[in-house]
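Those protein sequences? They're chains L and R, same order as listed. Note that the numbering used here has the first sequence beginning at -13, numbered continuously upward. Note that the numbering used here has the second sequence beginning at 124, numbered continuously upward.
Errors might be hidden in some of the hints.
Coverage of chain L stretches by chain R, computed from C-beta distances (three or more under 8 Å per stretch; other residues unrestricted) [claimed, not checked]:
1) 2 to 14
2) 29 to 42
3) 74 to 87
4) 128 to 141
5) 160 to 168
Honestly, the hints are just simulated from the structure, not real lab data. Ideal Cβ placement from N, Cα and C applies to all residues, glycine included.
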Amino acid sequence: MPNSSSVLTVDDIVRVRRKKQAVQFSFYLVLIGLVLWSIQATIINDTDWDRIGSLSDIGNSISHFIGIDFDLIPDLLGPTIETFMIACIGTLLGLIICIPAMWFGALNVTPYKPVTYPIARVAMTLSRSIHEIVWALIFVSAVGLGAFAGILAIAARSLGFIAKMSAEAIENIDDKPVEAIRAMGGSQLQVMLYAILPQVMPVILGIVIFEWEINIRRSSILGLVGAGGLGLVFFRQMNTFNFPGVTTVILAILGLILIGEIASHFARKAMI
Amino acid sequence: MTTPEQSQDFSAQGDNVHREWHRFKYPGSLIKYGIFLGVLLFFSYSVHYLNIPLERMLGMFGRLGDVLSNRYYPPDLEYIADIDYLGAIIETIQMAYLGALFGIIISVFLGWFSAYNVSPSRAFIYPVARLFAMSCRSVHEMIWAILFVTILGFGMLPGVLALTMFSIGFAGKLFAEEIESVDMGQVEAIRAMGGSHLQVFVFGVFPQVRVAFTGIAIYTWDVAFRAATVVGFVGAGGMGWYLKRNVQQIETERTAAILITIIALVVISEFISAWARTRVSKAK
């Protein structure tokens, strides 16, 4: 706006700046008000400080957890392997069911934009917004207790992230190979196989490995709702008040995740 | 960078002799297919080990549809209009807000300590901070919630603490990565002037990462809200407790209604966070 800037006076600038500051100030005021309100609700009203007791009582409850239950270690091997396998198969299944979601959800390849694009987007949002515990609940009621429900829950939860990131990767591809294959008379399928897939494959693999790492973490708690794995052992120890056993299970989970992190680090390095 | 395939390609052009072209040369191809076979074997063995009924896989979708339409279908919308339940939603939002806030405040320092380039002490503080951030991230938020409920009893406070740990794990890593990618020139300048570690962080690093931190902080709040909807499952306050109660009483229609509110709230929070993040990145 060259006209308005030529008649801009110092007063105008000061006024604009004041207004901006006032907006900012009230924004921070609202934020701080929200914090105080939340603190008042959670920490002051809702917490029974008498029951929690003094710091030494808290320390006392924490000290129950110190120690390792060595008798439990042989029983942990099976569930640990199970957890790992649930994460692996769940990620694979998630990748498989996410192929149509990727295809529909990328704007440049979606077959019929007004219908298929929203379907894919809704599926992605649903998958990401529902927590893995809730997914596991739904699948446990559908297929019964056991690892199968866990695998389905992991797959359903992974779909959103993998599909969203992969669709973005597909949207950002270089168009020239697509044009080339089209110019040669290639069908839609051939365009996909020879022009799009080679470009996005490394990106998708990286995303899948990242998701696999997160899925190990997720599959370790699915036992809470009866979907198998280390979570079941964890809750059994918790319910029998065997606190050193709880610590042991957490250490096993940490070990498993560490292995997963190292593996994913090397896998990603090997791909690049 | 010349990959084996490229060098092969060039030599074939150069001496104009017909050569058979392979995408992967001999030792590489063997390793590649070996890994592929190993992964395949592992997957098939795990299907066997976990007793997965593959033949039920196809019929499963029909069954799932049946379950959803027969048992969950008319969601009990009156139940979620209940004033107690609305209170639980407010509690969930408060928990997520506080947990994310505490987590972000701690993560700013943790990110500083666990960023290799500006960490005050590479020998001692850096590994400790790294390990702390990693263990916060590795332990699932439900496990944190259970531990805090065991130590502190039921209520919102353990939920807030569990979400704090979750947010530390989430934001700490992102903050550290952000700090590690800053322009070291300004940091060097302040160091050369004799600035202390704190001054380096406040004047050299923080102005560079301020906008990115705000974006990450908003995203952390969004993710913490998602986690907050279920930490109540183990008694840590919020709407998760309603979810658990109705699931255990097999009140499937009420469960469906609760799930609908969770999805709606998460979608709304996602929109707000996306809007706020674009605002922040524009204001840069």
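Evaluated hints:
1. 2 to 14: violated (count 0)
2. 29 to 42: holds (count 6)
3. 74 to 87: With 3 residues closer than 8 Å to chain R, the region 74 to 87 of chain L meets the three-residue bar; holds.
4. 128 to 141: This one holds; 7 residues, not fewer than the three required, reach chain R with a Cβ under 8 Å.
5. 160 to 168: As far as the region 160 to 168 of chain L goes, the hint is violated, because 0 residues have Cβ atoms under 8 Å from chain R.
Against the hints set out earlier in the document, violations occur for numbers 1, 5.
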